[in-house]
Every structure is written in structure tokens, then in C-alpha cells.
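Two chains, two separate frames, one set of hints: put the complex together.
Each chain, letter by letter, is given below.
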Amino acid sequence: MFKIIKRKELAPTEFDILVDAPRIAKKAQPGQFVILRIDEAGERIPLTIVDTDAEKGWVRLIFQVIGKSTAQLATVMEGDALIDLVGPLGKPTEIKNYGTVLLVGGGVGIAALFPIVKGLKEAGNRVLTILGAKTSELLILRDECADYSDELILMTDDGSLGEKGLVTKAMEDVFQREDIAFTWAIGPSIMMKFATMTADKYNVPIYVSLNPIMIDGTGMCGGCRVTISNTIKFACVDGPEFLGEEVDWDEFINRMQQYRGEETQSNERYEEQVKQNG
Amino acid sequence: MAKVKRSYTQTPMREQEAAVRCHNFDEVAFGYNMEEGQLEASRCLQCKNAPCIENCPVMIDIPGFIKAIEDGDMPKAHEVLSKYTNLPAICGRVCPQEKQCEMVCRLGRSKKFEPVAIGKLERLVADWALEQPIEYKEVTGNKGRVAVIGSGPSGLTTAGDLAKLGYEVIIYEALHAPGGVLTYGIPEFRLPKRIVNKEIERIVAQGVTIETNVVIGKTITMEEIMEEFDACYLSVGAGAPNFMGIPGTSLNGVYSSSEYLTRINLMHGYEFPKYDTPVQRSKNVVVIGGGNVAMDAARSAKRLGADNVSVIYRRSLEELPARIEEYHHSVEEGIEYHWLTNPIEYISDDKGTLTAVKCVKMELGEPDESGRRRPVVIPDSEFIIEADTAIEAIGQGANKVLLDTFPELGTNKWGYVEADPETAATTIPGVFAGGDIVTGAATVILAMGAGKIAAREIDQYIQKVRQEMPV
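Chains Y and S are the protein sequences, given in the same order. For the record, in the first sequence the residue sitting at position 24 is 24 according to full-length UniProt numbering, with numbers rising by one throughout. For the record, in the second sequence the residue sitting at position 301 is 301 according to full-length UniProt numbering, with numbers rising by one throughout.
So that you can see chain S by itself, here it is in the shape it has in the complex (with noise of 0.2 Å):
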């Protein structure tokens, strides 16, 4: 069969209309089906020393499993993936993919055309597995028992890396419910509970266990688990939420994302009161802060029926941290911002009521130490957002509800736990930490690939001592 001419732009992927998904939590996007997936997979070029894969900070064989979607193999496709990530169908879901491997895509590279939509090729694969049958794998136990604290993205590829070595891995979670920000954090309408619940499964089937209702440090401490086990892994994440501390924080109507995402995601504030956890219903909704937590906020407001969501960023476009696919789905669905705009004060009725907030109109000075420029404010540029509710993602920091119990442990001036990046040791033999506790809040992907690394270490560090005791 001869080839037919390679397409320009990205195949593209359904998705429900904005003016329909605005009112529901349902996944904006569909995902491809198979014609389309070969389709896509078609234009790539299957580069002998693929930049893409460099670019992966899992590293995945990206070549590799799109020509097994090309020739219909699902199950090959799959077992490619299945090498490098335990976690596809999210990661094939949020990660930043236009800024680290399809960024790199040579096709991209040439002016005419778009590169390979590698993401979605591998949401295409991870969403085909999830429906196979499970294999449950026996538990042997016999090479080492590993304590993972935490069951986000760093967790559980750690977790699920070493089980497929053959240790015992217990995976300990603060919340009910295992998953870390995928569960608390990301909405529904970005990544369905369903999808983080199925992948979950599958780590638990490679024979690993997962304990949740334990807090680190409170239920179990650091030096029963240092006793217990042969090593562990620190992955509680940086979940502590920041204030601006600007007057009014403590009004009724202001919330941290993660208050309010925690509410709709993890508790299905949404569905109340057939669940009982509230959330506010509102009318007029100011979201601070540029990132993922932002839009994620903004959109999950407008689809609990806000008439008005606005996002307010001290930068400009140019500088927004989101993911761009992610500001334009917030955009077409109605989300407005202030660029170049910081809050300065909350307001409210005499019944502490928050009703406005009061900002100030920056433009952009000198470039800061990150490279990008700082926002200075504009004397005289006051002005006023009506709003009963008002949203702070600013970012988070470290929680020290373990670390404060656990004060051997080397941390550096942020908080976060002193970990060599290269083998994700901490000062502490036999105590690893990778994702966001190391490095601040940053991508799930990064989270994944410092779990990596975690499990490969944890490997050789116990086989290590095993080899060293008398025998």
C-alpha cells in the first residue's frame, strides 16, 4: 500500500463543545480511536537517535511504541510503554508534552507541520490496556521490604518499579484515597478518577500494598519505619498551600486551590449534597496565579455555574506557566484574565463576606533571577473585581507535618528535603526522596522520573548491604 502524503498538522482530537462541557465535569477531551491513532502515528519519521526520547524525562522508546500503533500491535505498543512509565494513561493526559518531547519532534522542527502528537498516541495505548484483563503478580518478598510515604506520581513509580524487582513495597497515604495530587488535585474534566483509579490497580496487581488513613510521623513515625523496613521513600510532595497574607485572607469566600480543589475532587463537592462535603456555589470568581493549579481552579468554578470567572496574573501571556492547550480550553470556556494584575487587599460586607478584590495594574521591569521579567507595580492603577469568591494558587510549599518529626533529616533553606537529584539520596543511608518534596512544586512527569531513578537506587543500595552482612 502506498503512503498516503503525511498531514501537515496533528490529527486532531475530538472533544466535548465548550459551550456543553462548561456544565459537566466529564473529560473535555475523547481521545483518539484506532483509525486515527495509526493515522497520527504514520507522520513519524522514526529518527534513528530520536530527540524525543532525550526529551522524555522517562525516557520511553517513543519511536518504538508509535510504529507498533502504526502496524496495529496494540499489545507490543503497550509492552514498549509498560518499559519506562507505570503510569501512561495520566501521563499521556497532562503532561506538559510541548515543552519536553514533542518540543524536540524533528517533524515539528520543519516549519510546514506540526510535530507528532506523541501524547495522545500514548493516552491512545494506556486507555487500550486499562481495558485488558489484569495480572495479578505473586509476592515473593525475599529481596527487601521498601516503605514508599506517599502515593502521588513519584510514589507509586517507585512502588511499582521495585515490585516488578521483586521487593516488598507498602506504600503508606495520609488521605483515604491513594494517588496524591491525580486525586485530590487534578479535576475530573482533565483526568478521570476512573482512568487514576484503573492505573493504580495495576500497580497494586505488580504486588504492592497500599495503606491509606496513615500520616507519616503521627500514625507511624520515622524511626519505626527505618526499623521495619530495608530502605523507603520519601514522596509526600509539596502540598502545604501559600497565602499571599495580603489584609482580608481570612475572609468567608477565600480559599487556597488546594482547599478548593481537595473539596471538588477528592470529596465530589461537586455532586453535593448527594455528597456531604460543600463547596460555594458563586457568581463572580477571581482566580490568582498563573499555573495548572489556576486554570484548573477557573474552569472547575465555571462548571459549578459561576457567571463570571476571571484569572488574575501578575505577568503577561507570554510568561503564563500553564499549559497553553489548557488556557485555550479555559478561554473558549469563557475564563477572562487580567494580565499584568495583582491583588492587593480583600473586601467584604459588614458580615465578613468577601465581595471584591482589590488590585493594582503591573508592567514588566527587569528580568529576575529565573530569566523572566520582574512586574513592578503602577503607582495609581487601583481597581476593583466584584467577587464572592476568590481563589489563591500562588503555589505550594513543603508540609512539615513529617519532616518536623523526622528533624535528622537534611533540608535545604525552602523546606525541602535535601535529595542528590542524580540517586535521590537523602543525608540519611537508606532514606531516598525524589518529586516535589525535593524540588518544589513542579510536573507529574518529573515526579515520575525522580521515582525512577528512586527505584533503580533503592535496588542497588539494598542489594548492596545484603551483600555486606556476615553471613
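Isolated chain Y, as found in the complex (with noise of 0.2 Å):
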């Protein structure tokens, strides 16, 4: 059992749980993740590795309800506990000294763009960030990215906090001022295929961390395999992260779809018994 040591609302519908987890916090490092169970009836889901502590034992996530299981996540208080936590997972990001580089987060992929903002900064580079939300309340981790970042972006759709626009834009500007060695993108797929777009354009590298559907989440399902060069790989053994324009995202993006009747159903059927539960 893996005790909830911690849980934060980030936002409206954007949680942070610290899981007491002494064993991956031990080995975690930026671009690895955890797959979780609820309960005996759960599936098993997974989320980027937000932080550690190695001296407390705890592993940070950061999770927003879209379905089922993540709506039950924000139901586990501190001091409950998690049937099954495995990790870390995936292969870490090749963290070393590039130069400058340019760190894109969207949404709640900016709690998975955090650890690599940081350890791209204690890496020696020079950082510059661009996150990017529909609005300002879901812009989280500002102030954390911040304290790694030597510039800071902030993008809006609403305009309710920095700029108003998409974060290709903002993206856009920093390509046309600066000379950068390599870009990470990380949030919803169609943002991180039109930051690579945006990237190619300028020539400047792009790394991406895929987010497919995932079982076991150790390379023996292929659920989760993705087109990378025309050869099949698993993202949760050879990624979470690949060079975006060696991915086919229309593929990518159209196995996201696979269980969606499915997942309604679990949610709603989810929905219907916390009204008559109470």
C-alpha cells in the first residue's frame, strides 16, 4: 500500500499528491513515470513523475479529472492509500549542458515538463520556458518553473494571465530571437505535433513525451506502441520521449480514441453512484 502523505487542489479540476514511495524516490529521474491502482477493481494508470525526495520518501504527481479513475484519484484524501504503485518507469531524459534550450509545457503536461525544467537548469543550460493553458487558474507550477528558468512565458487562450494565443506562438518568438540547441514539448498531442511543426520550421530539435494508453506499462503489452520512424516502438520501454518529427502523430493521436464509448460509459456509470452514494 502506498500512503497518500500529501494532496493539494491545484485547480478546479488539478490535483497534487505527494505518495509515500521510499524505493522510487530512491531512483526516479526527470521524463520517468509511475503506473498506479486505485483499487482492487482499478486499472492501472499512468502519470509523470513529478518530484522526489529521496530523503523522505515521497514521489510528487499531478493529475486533472478527465475520466473515471482520475475522478476517483481526487477522492483519496491524505492519510488513504494507494493499492499499487509501480516505478519508476520509461527511460529518463538525457539530462546534460546543451546550451540554451526551450522548455514547452501545455496544460497539465507542464506538471511532466517540471522535473526536466529542472534538471536541465542544475545541468548548466541557459532555460527558457513557455507554458501555456486555456486559462490562468490551469497555468500550474509558475512560481516552481520559474525558480529553474532564466526566462519565463506564460500563454493564456482566454488571455486571463500573460499573453493571449497558443504556445507555437510564443515559441515562434523565441526561435526568431534565439539561437537554441534543443526543445522539449509536453502536454495534449495536438499541442507537442504542432510544436514540432513549429520547431522543424526553425530547425531546432524537439523532443516530446508521449502519453499513449498503457497497461503494464513494462514493454510486455504493446498497447501502447507508437510509429517512430516507420519502426513500432513502447513508449513505456523505449520512450516516454522521442523526437517529434519522427513520430506519426495521426496514428498517435487516433489509438487516444480507441476506448472512448468505453470510457464514457465507466464515467458516467461513476457519476451515477457518487449521487446516490452521496
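Hint data in this document are derived by calculation from the structure and do not stem from the laboratory. For every residue, glycine included, the Cβ atom is placed at its ideal position computed from N, Cα and C. Worth double-checking, as some hints may not be accurate.
[Unchecked claim] Coverage of chain S stretches by chain Y, computed from C-beta distances (three or more under 8 Å per stretch; other residues unrestricted): (1) 116-128; (2) 209-219; (3) 437-444.
[Claimed, not checked] 27 Å max Cα-Cα, derived DSS-like pairs, lysine-lysine: (4) Y:27 <-> S:400; (5) S:400 <-> Y:91; (6) Y:233 <-> S:274; (7) Y:193 <-> S:351; (8) Y:233 <-> S:413; (9) S:274 <-> Y:26; (10) Y:275 <-> S:274; (11) Y:233 <-> S:358.
[To be verified] What follows is a list of derived Cβ distance ranges for each label pair: (12) S:26 <-> Y:123: 54 to 60 Å; (13) S:381 <-> Y:248: 27 to 33 Å; (14) S:372 <-> Y:83: 43 to 49 Å; (15) S:442 <-> Y:157: 53 to 59 Å; (16) S:305 <-> Y:83: 27 to 33 Å; (17) S:442 <-> Y:179: 52 to 58 Å; (18) S:142 <-> Y:273: 48 to 54 Å; (19) Y:243 <-> S:407: 22 to 28 Å; (20) S:305 <-> Y:248: 29 to 35 Å.
Okay, structure coming up:
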């Protein structure tokens, strides 16, 4: 059992939890993820490790309520425990000194971007960070990212904070004025696809962190397979980071829709149960 | 009492009617009752140099336990079995006995008779034993500490044997439930998880600790394992699915058998939405392959409510690697077969969802290295099978997660661990390996056989190292 030692509401649908998991805390590196299961009937869901404390033995996870499991996870309180947590999974980000790097995070993807921002800053890079979200309240981890960024640019769809517009617009501005050695983009798949197109335009290499459907997360089922340079790769063991230009984006985005019907069914059933139980 | 005349045929095992069972995941075969078991046991000739023992990978004293059943002495029968196997309820169900012990049964060699139903009798004793109270053993652990990586049949066997010898054994399992393929691969209707769990409980009672959610190479490194334990046994299996890589492999509706079966068995996908993990409910399913995994996937698809399930296999029935019993079960349940057929492309609608599988017909040419006639494509033989789900069950390879982080360990050209089949020793002293990670995907009982060898060798290794240690 993996105890929740702290829980915070970041936004109406976004939550920040510290989970007691000393072994994972000791090993996790930026770019890696865990898979958790809430209870005996639960599914296995992947979440990126946002931060760790090896001494205190916790891992920090941030999630957005998007369906049944995340809605249920939002009801798990401090002192409660998750039945399963496994990790760290996936390959770590290649952290080294590249020179000047650009990091782009969208929505809850900012949570997955933060450990890379921190890692790259600590490795001596000049770090420029663009964060984007629908509204200001969804622009999470602003202060933490600011701490590890030489420049922080905020973008919102509605203009409620920072500049109004999409992250790709801010990327263009940066590429025009800066010599960027490497870029990372993490967020919704459509945002990562367009971030890749933008970086390609300026010939800047870009890493993206793919978040396909996963089951075991250890390379034994291929549910998370993605096509990278016309070759099948498993995001859980070969990734989750890949070069954006090598990703077959249309296929990737299409595979995310596989269980749309079932996800809706499960969510509606859960909401009904919550209503009945008060 | 005068002996009744020996029956020519095996005592039949009662089972669910095909028309009923193809709508549920309950076990197909009910198992013998005591009376049926004794009747079947009485068919055994009690050979002096019993060939059945020689042909069992763990060399169970088969006439010995069968005699005890005939005498109605179940504790004795169980005692005999336990000397050789840690997982009898599982082996009695899933071993290919027709290719092992039962194949060489002297009774079965005579023209008129069917061999003794050794597997069904093993299952009878094991199921009886699972209903008896468990005796927990105190662990002293003063003989040494052994880490077992992977909780499939091979790891469980090694762990059980070493615990019996007085070792402290910790099994590390990456998934949230132990059992390996017994838990995520073989479906409920062939191997109920209740039975698997009970059998694992018995091994834990011997003093074995199982830690789930630990990925060796990630959560704990091999360096740490080698520092903290006197020896370790790698039994991580061959769990990485192969894809044929034909066009359309990533369409929605195309699965590896590993994913399909994991969703169903481990995650209870057949009980969605009571359990959270969904699995596609299909109309027309095509399963590619001819092994037990293909049978399991096809029969599972039928149970999930598919109207049409067909298996396409590039060779013919004669070469089918699956157990013949499972093939017959599948045919009774309405699974159709396209022999000498191979898929060449997955076809989709404009939304990227599978609608059909394009196939070609094959004919058998010259024998290949394995001695089986090689299938060759017949020109202009393309045809289409309508399908909303396709499941590739074409075999698995070595999982690289552990091996990638442990490059010192010798592997062969297929990526499997190099280990001496006689001693389970790898290229690194103190590190032993067995089961599918050494042989490639094989059977439960072969993995158990390797586990037994490993336990014996690990014991000898640790004792030797301890004697050589300066006092």
C-alpha cells in the first residue's frame, strides 16, 4: 500500500499529491513515470513523476480529472493509500548541458515538463520556458518553473494571464530571437504535434513525451506502441520521450481514441454511483 | 474384491456444455470426483521402470501417486506429488500431457487402450490438497538469502524448493499480482485464478516472501540484488510481444495477444465496467497464430460475445502447436479455422479503425530447420476476412527492461540469457537463470523443471561459497 502523505487542489480539476514510495523516490529521474492502481477493481494508469525526495521517501504526482479513474483519484485523501504504485518506468530524459534550451508545457503537461526544466537548469543550461493553458488557474507550477528558468513566458487561450494565444506563437518569437540547441514540448497530443511543426520550421530538434494508453508499462503488451521513423516502438520502455519529427502523429492521436465509448460509459456509471451515495 | 476389467478408454471428465460455456469464463472441465479418480487410477499398470516418470520434466513418481489414489489415500498421494512439484493444480490443468507423460504410458502404447489420464489424476490430488488447511513454516534464513526475479512458474518453483531447504527467499514481481503467465496469460476458463492464488499461498506458507510492484533494473538494480543476496534466480520469462509488422499494425482494433489477454485476465476486462479496464467487444475477430495463446485469445473473444471468431494459421492442423484438447474445445465452441493462411495487411475505414484482414493462401514446401514443412505463398490467392478485431498471437521475445540495465550478463543472438541447461548457471557467478528467458517461450512444466534444477544448483553454490569463506 502506498500512502498519500499530502494532497493539494491546484485548480478545480487538478490535484497535486505526495505519495510515500521510498524505493521509487530513490531511483526516479526526470522524464520517468509511475503506474498506479487505486483499488482492487481499478485500472492501471500512468502518471509522470513531477518531483521526488529521496530522504523523505515521497514522489510527487499531479493529475487532471478527465475520466473515472482520475475522478476517483481526486477523492483519495491524505492518510488514504493506493493499492499499487510501480516505477520509476520509462527512459529518463537525457539531461546534460546543451547550451540554451527551450521548454514548452501545455495544460497538465506542465507537471511532466517541470522535472526536465529543473534537471536541465541544474545541468547548467540556459533555460527558457513557455507555459500555456486554457485559463490562468490551469497555469500550474508557475513559481516552481520560474525558479529554474532564465526566462518564463506564460500564454493563455483567454488572455487571463500572460499573453493571449497558443504556445506555438511564443515558440516562434523565441526561435526568431534566440539560438536554441534543443526543445522539449509536453502537453496534449495536438499541441505536441504543432510544437513539432514549429520547431521543424526553425530546424531546432524537439523532444516530446508521448502519453499513449498503457496497461503494464513494462514492455509486455504493446498497447502503448507508437510508430517512430516507420518502426514500432513501445512508449513505456523505449520512451516516453521521442524526437517529435519521427512520430507518426495522426496514428498516435487516433490510437488515443480507442476506448472513447468505454471511457464515457465508465465515467457516467461512476458519476451515477457518486450521486446515489451522496 | 475381484478387479473389474480395465477400461479401454480414459474415464471421461465432466465438463460444461459448449453452448453454455462459450458465454462464460468459468472453468470448462469440472475435474474428477473420488470415484472417477479411483476408477481411472485402477487403469495404471504400475510399471516397474515407468516411462511416464522419465518423460515428466520434473520426474514425478507417477505410479506412486496413482497407487495412493487407487487406495483412496489422498494424503499419501499428495505427499508423493509434493516431493516433485510445487504447482500440481496448475500442471494437472495446463501441461501438454499428450506430449509428455501420457505419450509414453505403456497402457497407451497397446493398440486398444488410451493412456492413463495422468494429468487429470494429478489435478484431482492437487485440488483435494488445496482444500486442506495450510501449515505455515517458520523461516530461519540462516542458510542464505536468495532473490528470485519474476513470479511465474519457474520462479515460484525455485522459491518453493529453496524455502523447503531453509533459505530466506524474496520474489520480486513487476506486476501487481504474482503468477506471471498463470495470472495474466492463461484464461480463467482453463486455469481459474482462485486455483493459482491458492497454489501461490502454499508456496508463501513455506516461508517465501513475494514483493509485487518491483521492476528489477528500475525499482531495484541488479547491483543491489547481487550485493544483498547470496544468489539470485532470473526467471523473467519471454513476455515482449512480437508484431508481424504488416501494414496497419497500429490501427485501432489490432492487438497483441499479450495485451488482449492481460486486459481480460489480469485486469478483469471481461467484467467491465465493474472493473475499470475495458477490452473491445467485437463482432468479427481474427486471431493469428496456432499456439495455445492463439486458442486462449480466440476462446476469450467468443466469450466476450463475438459473433464470428476465426483463427488463421499459416500451416495445417497437423503442425498446430496448440494442445489438441484445446483445439477440440475451441471447435466445439464455434471457433473457425483458416488453415494455410497468412495475413498480409490490416484494412481500415477512414477513421483508422480495423474493418478487415487481407490474407493469402499458403502451401507447404520443403521442411525447414525445425523439420516442419515451410509454408510458401500461393500467387494470386489474396482474400479478405471481415474483422473489427485482430489479435496477433505469433510468439513473444525476451523483455529487455532488466537485460538492458545489466549488460554484463551474457545473452545469445535471440536476446535470451545464456545459461547452462544442466546447472542454470549464467556467465556471472551467483546469478542463475531459467524458464522462458533462457529457452524462449515454452511450457509451464519446462519452466518448472528449470526452476527445480536452479534450486538444487543455487543450494550447492551457496554451500560451496560458505565453506570457502574464511572463518
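Of the hints given before, which are not true for this structure?
-> Violated: hints 1, 3, 6, 9.
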